[in-house]
Amino acid sequence: MDNAITSTGMTTDPTLYPPYTPAVHEEHEHAVLPQHRHHFETEEQQREAGSFGMWLFLLTEIMFFGGMFFAYLLYRNWYYEAFVVASNQLSVPLGAVNTAILITSGFCMALGVWAAEVRQKGLLVVMLLLTTFFGFIFLGVKADEYHEKYEKHHIPGASFSTAMFVNPAAYGLKEDPLSPDMAQKTQIFFFLYFAMTGMHALHMIIGIGILAWLTLRAHRGDFTSGYVAPIENFGLYWHFVDIVWIFLFPLLYLINRHPLK
Amino acid sequence: MAHQVVHTDANDPQNITNPEHAEHRLITPLQYSLVYVALLIFTGATVGAAYVDLGWANPVIALGIATIKGVLVILFFMHVVFQSRLIKMTIAAGFFIFFVLITMTLSDYVSRSWGLW
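Which chain is which? The protein sequence lines are V and L, in order.
When we follow the working numbering, the leftmost residue of the first sequence carries the number 1, and every step to the right adds one.
When we follow the working numbering, the leftmost residue of the second sequence carries the number 1001, and every step to the right adds one.
Here chain V stands alone, though its shape is the one from the complex (with noise of 0.2 Å):
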């Protein structure tokens, strides 16, 4: 829907646009705007295929998202004492303050698609600069924690180490230890976090580099002349990253503090 501007090159400027000759009918008018594309009989039925589409996408990223969620919920209940000790290896305060720094960078997001609907250039683009910026602090704090997973060798594969959960004494921990086969299980769990987390990650990568497209485009005026489809869905597709984070938070890091004996 977007490239209907790129494409044929319309610019904002609106000195470019013939003074307003809507084709008149009898009982109502359409101002006919570059965006509306032809096939659409108003701009408003436009709008809603555009959400409607883009809603079909967001359901079947809910889908993409519902197999990792269900393997968790499985592997949970089946190696319940290893995800238990795996998951408490990670840091709820990192987590927390991700969590936060995430619904910032959506809370900027959503002002955005504000900032276009009232046509506010500057504002728009400052909200997508925003928003960007929270959402490297995001990836920043993630890369740390995954370097730490990394140094104390809890990343799956050859290199992974159950030392930790053989023998938590030994490291300080207060956990019960796990028998041998019960520990490697906890490679599942760590897989599961490095596959979620960074299937998160990799979207919000996407993400960002469609902000930095665009924040450019938003800065040449595109968005702020009515023509506000790509922000509104870019939107959504930021705020649905935000609800996966959402239930990863409280899944990987916090519902198992404290483990039915």
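If you're looking for bench data, these hints aren't it; they were derived computationally from the structure.
Computed from a predicted model, the values in this text were never measured in an experiment.
Treat the hints loosely; a few may be bogus.
[Claimed, not checked] In silico DMTMM-like links for lysine to aspartate or glutamate, alpha-carbon gap of 20 Å or less:
(1) LYS1088(L) to GLU44(V)
(2) LYS174(V) to ASP1108(L)
(3) LYS185(V) to GLU81(V)
(4) LYS261(V) to ASP1053(L)
Here the structure of chain V is known, so what remains is to put chain L in place on it, guided by the hints.
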């Protein structure tokens, strides 16, 4: 009725320069801020609850708060509260199918060794 393109009219009440948003209600920055504060409060609450031993209720509370936060984001940040019924129904149907898939898959795993434990 000849219309002039008035690009400075940000509100555009007649939807002349912005008919894409005909009958399109905006959520105000104040409302966004309230949702934002609510999300932060719920984040603090879920972290606080995680440090208290509530037994089986810990995961229930954590996921309940996450659901409230998710619904807040969907309704307000994603504007679903002002979307058409078609879009609301589509989203609800998507989540419904997701829960059907979870339930059916889980019922398989739960019942595989039924009575053998």
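Structure-based check of all given hints:
no., hint, in the structure
1, LYS1088(L) to GLU44(V), "holds, 16 Å"
2, LYS174(V) to ASP1108(L), "violated, 36 Å"
3, LYS185(V) to GLU81(V), "holds, 9 Å"
4, LYS261(V) to ASP1053(L), "holds, 12 Å"
Of the numbered hints listed earlier, the single one contradicted by the structure is hint 2.
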